[in-house]
Amino acid sequence: MLLRALERLAGGALAVLLGAFALILCAIIYQGAAALVPPPVLQVAIDGGEKITGLLLKDSPSQVELLLEIRAAKPVWRRIDRSQILHRSEPADACLLSASDGRLRVQASCRSDEPGWSVSYPNAGGMLGLQRWSKAISDFLLAPVRPDGQGGIGSALVSTFVLVLVMTLLVVPFGIGVALYLAEYAADTKVTRALRLTLANLAAVPPVVFGLFGLGLFVHVFGRQLDQWLYAERLPSPTFATGGLLWASLVLALLTLPVVVVACEQGFRRVPQRLREASLALGATQTETVLRVLLPAARPALLTALILAVARASAEVAPLLLVGAVRYAAQLPISSEAPFVHLERPFMHLGYRVLDLATSSAGGQYALQQAFACALVLLLLVLGLNGAAIAARFRLRARYRDLS
Amino acid sequence: MSKAVLETVDLGLKVGGRVILSDISLAFPPQSVTAIIGPSGCGKTSFLRCLNRLTELWPQAKQSGKVLLNQVDIERTAMPYPELRRRVGMVFQRPNPFPGTIYDNVAYGMRLHQRPTRVELEERVEAALINAGLWDEVRDRLDDDALALSLGQQQRLVIARALAVEPEVLLLDEPASALDPISTLRIETLVAELKTRFTLILVTHNVQQAARVADYTAFMDGGRLLEHDESVRLFTTPKRQETEDYITGRYG
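Note that the protein sequences, when read in sequence, are chains A and B. Quick note: the first sequence, position 377, residue 376 per numbering that gives the first Met the number 0, numbers continuous. Quick note: the second sequence, position 23, residue 22 per numbering that gives the first Met the number 0, numbers continuous.
If we strip away everything but chain A, and leave its shape as in the complex, we get (with noise of 0.2 Å):
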């Protein structure tokens, strides 16, 4: 009886949780994509003859609430009651002028050349509005980055998918050598029982801890010690003594490797004693076992690792705030010239720009919305990571089925 209401419990929980991530994930993709979808802009004409133009910004029954104009990062709004208003139209000549500081001006209509200011017209959509998608989504991405955190995403989306790959370089190699260690060659002693045991603790410490840690060993100590030797010439501007890629990515692959690495042992474990008996038995020694035998069948559980720890990468904000996650940076952390990615750039996150616009005063609901949008974006670099592994780990499982 008791198992019997423990199964519907169990059971009962599991949609529970399986409801609460559908929900977050219908949240995450209206409001992101409500903040793509570029709000038309409304003339309405109200008791008294006043005419006002600005963004649709909110579409309720009892009102609506229009945006005139952002001046000096201040929004200008005006919320209209229904009640009041007498007519309403979208004109197609209605025009968006947009300054690269951040200023934004709402009007019925305007000459094509206002010095200073970039012209677009969101209701002359053309067929579906595609012209008003395909800005709108041009200019999520690709904008330039102004100063103050505000403009296109791309810069922060390029930097998360460089630090993730960059950690991915450095926690799998690594991982996959010290579970290769554990499983296959440690003896069970109380050294590598203490180890493992560490190893569980390790994934148990707050991110930000290892934030921290990183901050005071990899900028202070390391970051310190490699601009003497290798920059003194610009010293006392810091080249690798403050935060940057290369650190945020070992502060992650610090944070991934006891996923990595029991997942990989598991991998190991996983491959049928008879096979290293096999192999052995036709005279290979056990480096060759390791290398023509045991990687290859493990190779759905190191992708099964690789996958894991992407997506707990991917996730992480606050470490990174402390090693080199900016609002803003001029550059980016790769380039088209030699060394190709500069491992000492402070960048940008896409983690961190969703805290920024969610926290942030100015703008409201506009920048609430936009957070979601980013939220979607790095969701769907995750989903698009991970895919790719798990089509790879689709392939060869369908080919080592038959060994467990």
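Everything labelled a hint here was simulated from the structure, so no lab data went into it. Fair warning: this is a prediction, and the values are worked out from it, not measured in the lab. Even for Gly, the Cβ is constructed at its ideal location relative to N, Cα and C. It is possible that some hints are incorrect.
[Unchecked claim] The following label-pair restraints were derived from C-beta to C-beta distances:
hint, chain 1, residue 1, chain 2, residue 2, range
1, A, Arg-394, B, Leu-150, 20 to 30 Å
2, A, Ala-203, B, Pro-58, 29 to 39 Å
3, A, Gly-386, B, Ala-77, 51 to 61 Å
4, B, Leu-150, A, Leu-140, 49 to 59 Å
5, A, Pro-271, B, Ile-181, 45 to 55 Å
6, B, Ser-149, A, Ser-335, 54 to 64 Å
7, B, Asp-144, A, Ala-357, 27 to 37 Å
8, B, Arg-117, A, Ala-9, 52 to 62 Å
[As the list claims (entries may be wrong)] Quick list of in silico lysine-lysine cross-link-like pairs, DSSO-like style, CA-CA up to 30 Å:
hint, chain 1, residue 1, chain 2, residue 2
9, A, Lys-50, A, Lys-134
10, B, Lys-61, A, Lys-189
11, B, Lys-65, B, Lys-13
12, A, Lys-57, A, Lys-73
13, A, Lys-189, B, Lys-13
14, B, Lys-238, B, Lys-194
Given the coordinates of chain A, assemble chain B onto it according to the supplied hints.
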């Protein structure tokens, strides 16, 4: 009896302080089949693993006594175990092909030890498969997955894989116990063919099988060698009561 290819002198094995084998002195003449029979848990498989030092995989195993390969003490010459295992091949109870193609399985050992050209490799893979009696069944699908073969075919595949590195001795650990009667018969025929070129040591729990294929038979119980003789004599006129009880099925 001509000079033994493989010989053990006072071979003993302890695992974690527990005695598994003691005082086993046994010689295996060239081009012959020696069967090792005995009840489950008597140490047959452990004995086989002592011969190619797969006991190394058991962390607490301690092996004593001598193993002589062509009259030479393995320990004294400090022959590396991989080299020993190339010369003393082994086939296990359950077929254990590697995940991968049939071709890659047979080529595995050769790729370790030499750097054969593609032509050499192909020739020797073919020769090994012919010797293992599998060539006619797989010649058109060498690139197929080895795990798609039937169990009986897999077992002949791993025999081919062992033959491909040209061992002098082949250890067979109950090679037919996981197989159906027809596959078993094929393995037995194969063993009879292979003894013209190799020295074979066959561990089996099947007394009839030992009587059918082995020239010599050794009976073990409780980690000791109780009797060793030509099969004809051991099965017709055993010297010890325990042997007689075992082979007539009155054991225990």
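Taking the hints in turn, this is what the structure says about them:
{"no.": "1", "hint": "Arg-394(A) x Leu-150(B): 20 to 30 Å", "result": "26 Å, holds"}
{"no.": "2", "hint": "Ala-203(A) x Pro-58(B): 29 to 39 Å", "result": "31 Å, holds"}
{"no.": "3", "hint": "Gly-386(A) x Ala-77(B): 51 to 61 Å", "result": "53 Å, holds"}
{"no.": "4", "hint": "Leu-150(B) x Leu-140(A): 49 to 59 Å", "result": "57 Å, holds"}
{"no.": "5", "hint": "Pro-271(A) x Ile-181(B): 45 to 55 Å", "result": "26 Å, violated"}
{"no.": "6", "hint": "Ser-149(B) x Ser-335(A): 54 to 64 Å", "result": "57 Å, holds"}
{"no.": "7", "hint": "Asp-144(B) x Ala-357(A): 27 to 37 Å", "result": "52 Å, violated"}
{"no.": "8", "hint": "Arg-117(B) x Ala-9(A): 52 to 62 Å", "result": "57 Å, holds"}
{"no.": "9", "hint": "Lys-50(A) x Lys-134(A)", "result": "27 Å, holds"}
{"no.": "10", "hint": "Lys-61(B) x Lys-189(A)", "result": "22 Å, holds"}
{"no.": "11", "hint": "Lys-65(B) x Lys-13(B)", "result": "14 Å, holds"}
{"no.": "12", "hint": "Lys-57(A) x Lys-73(A)", "result": "18 Å, holds"}
{"no.": "13", "hint": "Lys-189(A) x Lys-13(B)", "result": "23 Å, holds"}
{"no.": "14", "hint": "Lys-238(B) x Lys-194(B)", "result": "27 Å, holds"}
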